[in-house]
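Sequence lines, in order, name chains A and B.
Just so we're aligned, residue 1 is where the first sequence starts under the working numbering, counting upward by one.
Just so we're aligned, residue 1001 is where the second sequence starts under the working numbering, counting upward by one.
In short, the hints are calculated from the structure, not lab data.
Predicted model only: the values in this text are computed from it and were never measured.
Positions of the beta carbon are idealized from the N, C-alpha and C atoms, including for glycine.
Mixed in with the good hints, there may be bad ones.
[To be verified] Okay, the calculated beta carbon distance ranges per label pair: (1) A:Ser207 - B:His1292: 27 to 33 Å; (2) A:Arg196 - B:Gln1110: 40 to 46 Å; (3) A:Arg196 - B:Lys1405: 36 to 42 Å; (4) B:Glu1178 - A:Gly50: 18 to 24 Å; (5) B:Arg1342 - A:Glu188: 48 to 54 Å.
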Amino acid sequence: MEILNELSANLQEGYADKTKKLTEEALAQGIPATEILEKGLIAGMNIVGGKFKKNEMYLPEVLVVARAMKFSMDVLKPHLAAARVKSRGKILLGTVKGDMHDIGKNLVGIMLQGAGFDVVDVGTDISMEKFVETVEREQPDVLGLSALLTTTMVYMKRVIEALEQRQLRGKVKVIVGGAPITQRYADEIKADGYARDASSAVDLVRSLLNSGAQQN
Amino acid sequence: MKQTFSSLALGPSELVFGRAKHPIIRNGVSIGSGSVLPEIKFTLSSISIEEATREEIRSQYSEMITDVCQRAVDLHQSQLVVEFELLPQMTVESHWGVMITELLKEVMEQFRSTEGLQSLLRVTPTDTREFKKPPLRREGRELEDVLTSFRTCANAGGDLLSIESTGGKEVTDQAIMETDVRGMLFGVGVLAAADMEFLWERICEIAHETATIPAGDTACGIANTAMVLADKHYIPKVFAAVVRAMTAVRSLIAYEAGAIGPGKDCGYENAYIKAITGFPMSMEGKSAACAHLSTVGNIAGAYTDLWSNESVQNVKLLSAMAPVVSMEQLIYDCRLFNTSLRGGKEMDLRDLLVDSDSSLDPQAFIFRPEIVQMLSATIIAGRSHYEKTLSVALATAACLDQGVKDGTLLLSQREQKWLHKIAGELADLPTEEGQFIEEEKRKWLGHVDLAQYGLPR
Ligand code: B1M
C-alpha cells in the first residue's frame, strides 16, 4: 500500500511530524492499526536496524528514527488496544547488582523497542530481589540481564536461581549479555540465550518468542 | 597546593616519551627522568567478592603480583609501577581494598629486598558516588566511601592516588549517544569541571596527610566511553576526537588542585596535560588491546613516561597467565623506548609512533605534536573552564578540517559530513557561560541535581 511505503520511508529519515501525519492519514483511510504498525513502522525500523548492524547508520541517527516512531506509536496505541492486539512481547532489562555499566544495555533496549517490543528498563545495580519482584509485577516474556564486570557477571546466576525458587523461571525466558559474557557462560548458568550485541539481542528475542509460541 | 598553568611547560622538541619537566622520584623509582617504565595492571577473572571467596581472591592477587614481578626480574627490568584498580565493592567495603593493597605491597617489597626490583603502587578507588541516582557528589555515605577508600589504601601501602571520577556523567552518557555537542559542553565544561575542583581538593588533602602522591584523574567515563562507541561504529570518530580534547580541560583541574602525576593510563588527554604541566604521564596503547580496542596504539606512546596495559584478566594463555604476558609485552615496548633515549634517537622513534597512526583516524590525528601544542595553548588561553572547553572543541574541529583539506588526515565522506555538522553546532554556542548554563539547566532537569555541583537549582 502506497501510504505505508511512504510512512516507512519517512520514518527511516527520522521525519517525526511527517511520520505522525501519515500514521493519522492511514488510520483515516481505514487501514487497520496492526497493518500500519507492521507494514509501515516496523518495516521501516527493520531497515534502519539492518543499516545500523551493517555500520551504515550511526546511533544518533537511529535515535532520531526511534523518536519519530514513538510519536507515531502514541497515535497508534489506543487503536491497537481497542483492537485487542497483543504486543510482540514484553522485555524487562537491567544491569545486575554492583554494576553501573549501562550503555550496552540501553542500546539493547533501543533496538528491541525499534523492533516493536515493549521494553521495561529497571536500570543499573539491580538486586535479585528487585528483579524477582519486577518479574512478578510486570510479567515480561523475556528478562534481559547485563553485566560488564567479571565480579558482577556471577550475579546473573543468582538471579536465575532466585527466579527458580519463586517458581517464575518457567514463565520467563532469560537472556544475558555484556563484554565478559560468553555463550558458554550463558549455558553454564542455564540462561535461555546470549547475545553479543544489540542487533543479535533482537534476533535472539525474536527466535525465543517464536519458538515459545510454537510450543504453546 | 593550588597551581596555575599560564604557559606551556614543554615545547614541541621537548615533548617526548620518558622525559618530563618535573620527574617524580619515590622509593628509588624515578618517573619521567629519562626512561619509560612499565605500569602493569590486572584484575580478577570471573568471581564474586564475598567472604566465601576471600581466600580465592587473595590467592589470585598473590599469584598475579608474584608472577609479574618474577617476569620483570627475569627480563632485567629494575623498576616498575603496579596499579591496583579497585572494583566497586572493594571501594565500598574498604577492608577489601586495604587487604589487597597490603598483599600487593608486601610482595613488591619482598622483590625489592631479595631481587632489587624497585616498584611503586598506584591505588585507584572506584567512583562509587554514582550508586545513588541521581548521584550525590558532595555529601553522603557514597562520597565518604570513596574518600575512606583513598585514605585507607594510602595508609596500607599505596604510593600514587588516582581515580576515574565520573562527574557530569549523568549528562554526558546521553549526550555521547546522541552526539549532542551542547550536552557535552554542559557535562564536561560545567559539571565535570565543578566536580573535579571539589573532589581533587579533597584527594590532595588526603595525599598530604598520608604522604602519598596525588597522581591524577582520567576522563575515562566520558572520552573513553565515546572512543569505545566510535570504535564499534556507533558514533562518529570525529565526535570522539572532539570530546577527547574537551576533556583535557576537566582532567587538568586535578593538577590545578595540586596533583603532580604520573597521570593515569587511560587518560589519553594526558598528552595535552604533559605539554601544559610538564608532569610525567602514564599512557596505554597497543599493549592495552587486552582491555579495550583503540585506534591510537602507537601514537599514545609518543609522550608517555609509564607504559600501561590498562588491565588484563587473570586467565591462562598458551604461554602463561595473561598478566605475565602483559608484563612481558610492556617490558619489550619499554626497552625500545629506552634504547632510543640512550642513543639520542628518541625524536625519531617519537615521530615514527606519531606518523604510523596519525593520518588514519581523527582520534590519533589530534595527538600529532604540533596539534598537541596548539590545542594545549588554546586551553591555557581560556579564562574559565567553560571557555577553555568550548575553545578547544572549536580548535579541534578546525584542525581536523584542515587535516582533511591538506590531505594529512584520511576521513570518509560520512565522517566529514559529521565534522561539518559538529563544527557548525559548536560555532553557534554562546561564549557567555551564564546564559548557556541557564538554557541547559532546564533541559537536564530531573537528570542531574545541580546542587551537587555547587550550582543553584
Ligand atoms: C540482556 O541481553 C543483553 C544482550 C546483549 C548485551 C547486553 C545484554 N548487555 C550488553 N550487551 C551487548 O550489546 C551491547 C551493544 O552492542 C554491548 O554492550 P557493551 O557494554 O559491551 O558495549 C557498549 C556498547 C560499549 N562499551 C562500554 O560501554 C564499556 C566500555 C568500557 C571501556 C568501560 C566503560 C565505558 C566505563 N566503565 Co568500566 N568499562 C569497561 C569497558 C571495556 C570493555 N572492554 O568493555 C570495563 C568493563 N570497566 C572496567 C572497570 C574496572 C570499571 N569500569 C567502571 C566505570 C566505567 C565508566 C563509568 C567510566 C564507563 C561506563 C559508562 C556507562 N554508562 O556504562 C568502574 C566500575 C563502575 C561500576 N560501578 O560498575 C571500574 C571499576 C573502573 C574504576 N576504576 O572505577 C573493566 C572491567 C574489569 C573487570 N574486572 O571486569 C573494563 C573491562 C575496562 C578495563 N579495560 O579495565 C554488548 O556487550
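Hints, verified against the model:
The hinted window of 27 to 33 Å between Ser207 of chain A and His1292 of chain B holds, with their beta carbons roughly 30 Å apart. As the Cβ distance of Arg196 of chain A to Gln1110 of chain B is approximately 42 Å, the hint placing it in 40 to 46 Å holds. Our hint of 36 to 42 Å for Arg196 of chain A and Lys1405 of chain B holds, since their Cβ atoms are close to 39 Å apart. In this structure, Glu1178 of chain B and Gly50 of chain A meet the distance hint of 18 to 24 Å, their C-beta atoms being roughly 21 Å apart.
Roughly 51 Å separates the CB atoms of Arg1342 of chain B and Glu188 of chain A, a value that falls within the hinted 48 to 54 Å.
Consistency with the previously given hints is maintained throughout, with no hint failing.
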